[in-house]
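Student: For the sequence shown, my numbering begins at 17 and goes up steadily by one.
Please keep in mind that the hints were generated in silico from the structure rather than gathered at the bench. Each statement offered as a hint is correct.
Derived pair list, reagent style DSS-like, types lysine-lysine, alpha-carbon separation capped at 27 Å: (1) K417 - K312; (2) K149 - K213; (3) K129 - K180; (4) K67 - K381; (5) K417 - K375; (6) K368 - K224; (7) K149 - K180; (8) K351 - K67; (9) K72 - K381; (10) K177 - K149; (11) K381 - K392; (12) K82 - K72; (13) K442 - K312; (14) K119 - K171; (15) K368 - K417; (16) K213 - K129.
Quick list of the computed label-pair ranges, beta carbon to beta carbon: (17) P106 - S138: 28 to 34 Å; (18) N156 - Q419: 43 to 49 Å; (19) Q383 - Q61: 21 to 27 Å; (20) K360 - R78: 42 to 48 Å.
All C-beta atoms, glycine included, are put in the ideal place defined by N, C-alpha and C.
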Amino acid sequence: MSITERELRDHFTDKFRDFTKTLNGGQPAEISNLRRQAIEAFAAQGFPLAKNEEYKYTPLTRTLLKSLKLDPVQPTEAGVIPPFNEHLIPELDGYLLVYWNGKLVYRSEDTPKGLVIEQLDSLDNGRLGELRKYLATLTNYQSDAFAALNTAFFKQGSLIKIAKGTTLDKPLIIYHLSDGQSGTIYTQTRHLLVAEKNSRATLIEINKNLTSNQQTFHNAVSEVFLEEGAQFHLYKIQSECSGAIIVDNTHINQDNSSQLHCTTVTTGGTMIRNNLNISINGEYCESHLNGLYIIKGNDHVDNHTVVDHRIANSYSNELYKGIIDDSGTGVFNGKIFVQPDAQKTNAFQSNKNLLLSDKASMNTKPQLEIWANDVKCSHGATTGQIDSEQVFYLRSRGLDKQQAHGLLLYAFATELLEHISLPVLKDYLENVVADNLQYERS
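Build out the structure end to end from the sequences listed, making use of the hints.
Tutor: Following this line, the structure appears as structure tokens:
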């Protein structure tokens, strides 16, 4: 039986009182105050309803009310953790963090000089106090209920620092694995990453729901700080997520001459909402954002992006592509802001979609807000079907209709994977795309 939004809201505010008791006052005042402010913000705004413009096409609250039981906020720790190796990407080498139902169960011990990884729940009061320098400085929990909920309850997650001038020889890889064996579960993680001056690093985040017949809700917040000259590659992979509800808030701040390359690949999930917010606060920055979503069944995927150019002489390029079949629904809402001081900005945005059935739907809204006069900016969106002339051409070369469709869809999707510099990851994602499109790679 479903419950009301008010009941669900009250459930979490009640659980906050229980949660603070488990901390036994063992946290600095600035962290306690932050948690209190966040839960008050959550209680005031509640979960977003249909009248909320930011969630107009993504009925997250309605889905939560129907799907979630009133389970404890913190993940269940009882039971034996099953072997997780079979769920890792084969041959993808890196510095691992593995979370199972929201709890860290494995981390690599061989971290190199220049890389520091600390778990939030193991920081002493002194380190927690230092954390406030970064924590919730990018995330606006006052206006986002899910960010507020995460800020109030954060416990599991990592503080990652890449030291000045460090180049990591292998990527950081964070797995979020959920099995729902104990029933419908709610998990959340909080990650803070600081890439110091002239550092170079790659982070791969992978979400998997291992039991498609059980609902899981993962509420994640990441705050990333790229200092001057830092180069950072970020991959977010949401595959094998049938039955999953995911809200992923990622906020990235860029200082002078920093470079960001971010790729998000989503191949299913009951309801997935990705919020990617980029603040460009330095000159000569580059931001490259790519997204691919393949939606089938009744799944729903929503990508919201914000690129805020605040300083002059920066560049951003954004390309999101979607393939929607069956009764799947997609949403893309991309905003580019060019502030008055951001002269000489080059900013480009494109969203392209293919609908494969009459019941598939896509809501796309690219937006530009420009307050500077010496800029080059463009945005656009297309939603359509497979080009019949291209199908005809391929069939004239000996392919049958299914093969022609498969090849065109595969080529459309994998354009976004061409720039991936990690061969193992690129091959894995090409296989994921091929499997989802039922296309046999040659």
